[in-house]
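Novice: Each chain, written out:
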Amino acid sequence: MVTPKPHPRRRPLGLLAGLALVGLCTALLLPGRASFTVATPALVLVAPGLVAGLLGGRLAGVTTAAVAAVVLDLVFVEPYGTLGVHLVDDVVALVAFGAIALTVATLVAMAADGRRAAEQKAREVTALSRERERIRSEQDRLASENLALEQAEDARRALLRSVSHDLRTPLAAIRAITSDLRDGATYDDDTRRDLLDVVGDEAERLDRLVANLLSLSRIEAGALVPELQAVDLDELLSDRVRRLSRLLREVRVATRLPEHVPLVDADYVLVDQAVTNLLENATRHTPLGSTITIEAHERGDMIEVAVSDHGPGVPPHERDSIFEPFRTGSPSNGVWSSGIGLAICRAIVEAHGGSISAGDAPGGGARFAFTLPVHRSRPRVMS
Amino acid sequence: MKHDGGGLILIVDDERPITRALSAALSARAYRPEAVATGREALHAAATSDPAAVILDLGLPDIDGLDVLRRLREWSDVPVIVLTAEGAEDRMIQALDDGADDYVTKPFSTPELLARLRVALRHQRSRAEDAAGPGSMPVFTVGDVVVDMPHHTVHVDGRRLDLTPKEFAFLALLARHGGKVLTHRMILQSVWGPEYGTESEYLRVYASQLRKKLAEDPARPRLITEPGVGYRLIDRDTPTM
Chain E
1 MVTPKPHPRR RPLGLLAGLA LVGLCTALLL PGRASFTVAT PALVLVAPGL VAGLLGGRLA
61 GVTTAAVAAV VLDLVFVEPY GTLGVHLVDD VVALVAFGAI ALTVATLVAM AADGRRAAEQ
121 KAREVTALSR ERERIRSEQD RLASENLALE QAEDARRALL RSVSHDLRTP LAAIRAITSD
181 LRDGATYDDD TRRDLLDVVG DEAERLDRLV ANLLSLSRIE AGALVPELQA VDLDELLSDR
241 VRRLSRLLRE VRVATRLPEH VPLVDADYVL VDQAVTNLLE NATRHTPLGS TITIEAHERG
301 DMIEVAVSDH GPGVPPHERD SIFEPFRTGS PSNGVWSSGI GLAICRAIVE AHGGSISAGD
361 APGGGARFAF TLPVHRSRPR VMS
Chain P
1 MKHDGGGLIL IVDDERPITR ALSAALSARA YRPEAVATGR EALHAAATSD PAAVILDLGL
61 PDIDGLDVLR RLREWSDVPV IVLTAEGAED RMIQALDDGA DDYVTKPFST PELLARLRVA
121 LRHQRSRAED AAGPGSMPVF TVGDVVVDMP HHTVHVDGRR LDLTPKEFAF LALLARHGGK
181 VLTHRMILQS VWGPEYGTES EYLRVYASQL RKKLAEDPAR PRLITEPGVG YRLIDRDTPT
241 M
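Residue numbers (my numbering), protein chains in the order written: chain E, 1 to 383; chain P, 1 to 241.
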């Protein structure tokens, strides 16, 4: 409970106002005091106590009422100028006045105090709930900030784990072979060539990984801005397949493009990297000797490019998360493989205003499809 | 040991560059390599091909490498060398506790892996000879160290060692598993009791006493410390690196 007390400065103010009003009423009524009965000033002089009670609280009201009673007796009850009373009527009037003035002042003061207390309480409740609201939103903000930090930390850890795994695997093969050769192992020509191929392939793999890491740092810095030019997809795809011939030598690659594929608006280097990642991903999952299919279709003002393999495919619940950085198709038994390739594909495609998705390949396997805008000879008019 | 090769070595790793490198290295030394990429294929091949040793990567796409090892150990004592990624020491120690003979961390040097493979094969043979020896006496021989369990004696190069009971138990355990890496936990629980497991500082003290009594040549040690992992007793004629 809040005690209903007027503000300390309002108490003298109320008293002062009450006393001033007593003076004013007296001054106004004094000239005609002979022409009316004591009832008139008695009624009028109730008002100062009421006002003082209202403004200054109970003490101010009661004091003013008492002063008003004395003034009434002194000024308006004969004999004037003394506290004496001649008439019984006047005695009754004075007593009644005193009782009424005191009661009115008290009641008014109590009502005013009550109202003030209620108002103050209402203000306090409002302030409290506002404060609670503020604290709650602050808590929410901190919680989401914390979550974001934790996620960033998890992502960083996952990146480190994934990158160190991806770097270490080719390095392990290279180190195994070079340490063996240094040890003086003697090989026939075929084996020797085969081992050198492994070293060469693994060095290329490291090269692709480093390219992806560079792109990742550009994406994180928000600096992945495609330099658009008219790109011939036919040329890009066949060139990329040719350059990856070593990686792709144990699978078949079928490229199925329509007669005339329209040019696309794209950054050649970035799209080339996305295609490389998708082909490397397909190679990793498709069985040896199976066919990886590359297709392109016109879809309205976009071209869709799709890479399909005959591997285990991507389960429906992973088809979105697989594009998040450092997620992998199968992080089984602590094995982390290339967690950034697909995330980079998505960043590249979306920077071009296209989209990328994972689905089922006809006949089983995964099908990754992305879209790029068809090149317009003239800039399109934006509506 | 007469020659390097001869046996069939099962390589279990889903990274093709690694299996290609290992297959080539093993073939060049007259072993017969067989490479598989999954745990399922590994268990099948271990049952059907009767390998002389298994090189098992712990990170496999289908079954956890540790499960492959445990299932293999239910019916086979074929020497198993596990391959683990650097930073996965806990899994490697678990593999040793679960019966792996030795371990190599990736990236590894092929000569080192081959040396460990030779140790594992040789000790497997000598364990088999101990078991098939005259009257199958419980005597364990690791190079020039002979541990006679019934008589509670240890001879090194014909010289009898004077050992405390704990020293004898420690050395006998290592000799019984000649060539095999025994983890701190395995040694502590076997020699000191099941309530022990983390007091690896005891082992350091006993190992150093044993080295003195064995009159170890630091250049060709028999009692090998595997830092942070455990100990093993090897036939010191085996090159380790």
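Any given hint could turn out to be false.
Derived DEER-like restraints, expressed as beta-carbon distance ranges [as the list claims (entries may be wrong)]:
| # | chain 1 | residue 1 | chain 2 | residue 2 | range |
| --- | --- | --- | --- | --- | --- |
| 1 | P | Ser208 | E | Asp320 | 41 to 47 angstroms |
| 2 | E | Glu153 | P | Ser208 | 54 to 60 angstroms |
| 3 | P | Thr105 | E | Glu227 | 54 to 60 angstroms |
| 4 | E | Glu350 | P | Gly87 | 30 to 36 angstroms |
Quick look at which bits of chain P chain E covers, simulated, 3 or more residues with Cβ under 8 angstroms [to be verified]:
| # | region |
| --- | --- |
| 5 | 11-25 |
| 6 | 105-111 |
Hints in this document: simulated from the structure, not taken from any laboratory. Note that the coordinates shown come from a computational prediction; the quantities given were computed from them, not determined experimentally. Glycine included, C-beta positions come from ideal geometry on N, C-alpha and C.
Novice: Give a verdict on every hint.
Specialist: For each hint, the structure was consulted:
1. P:Ser208 to E:Asp320: 41 to 47 angstroms: violated, 58 angstroms
2. E:Glu153 to P:Ser208: 54 to 60 angstroms: violated, 43 angstroms
3. P:Thr105 to E:Glu227: 54 to 60 angstroms: This hint is violated: roughly 44 angstroms between Cβ atoms.
4. E:Glu350 to P:Gly87: 30 to 36 angstroms: The hinted range 30 to 36 angstroms holds for E:Glu350 and P:Gly87, with Cβ atoms some 33 angstroms apart.
5. 11-25: holds (count 9)
6. 105-111: Answer holds; 6 residues pass the 8 angstroms Cβ test.
Consistency note: the structure conflicts with the earlier hints numbered 1, 2, 3.
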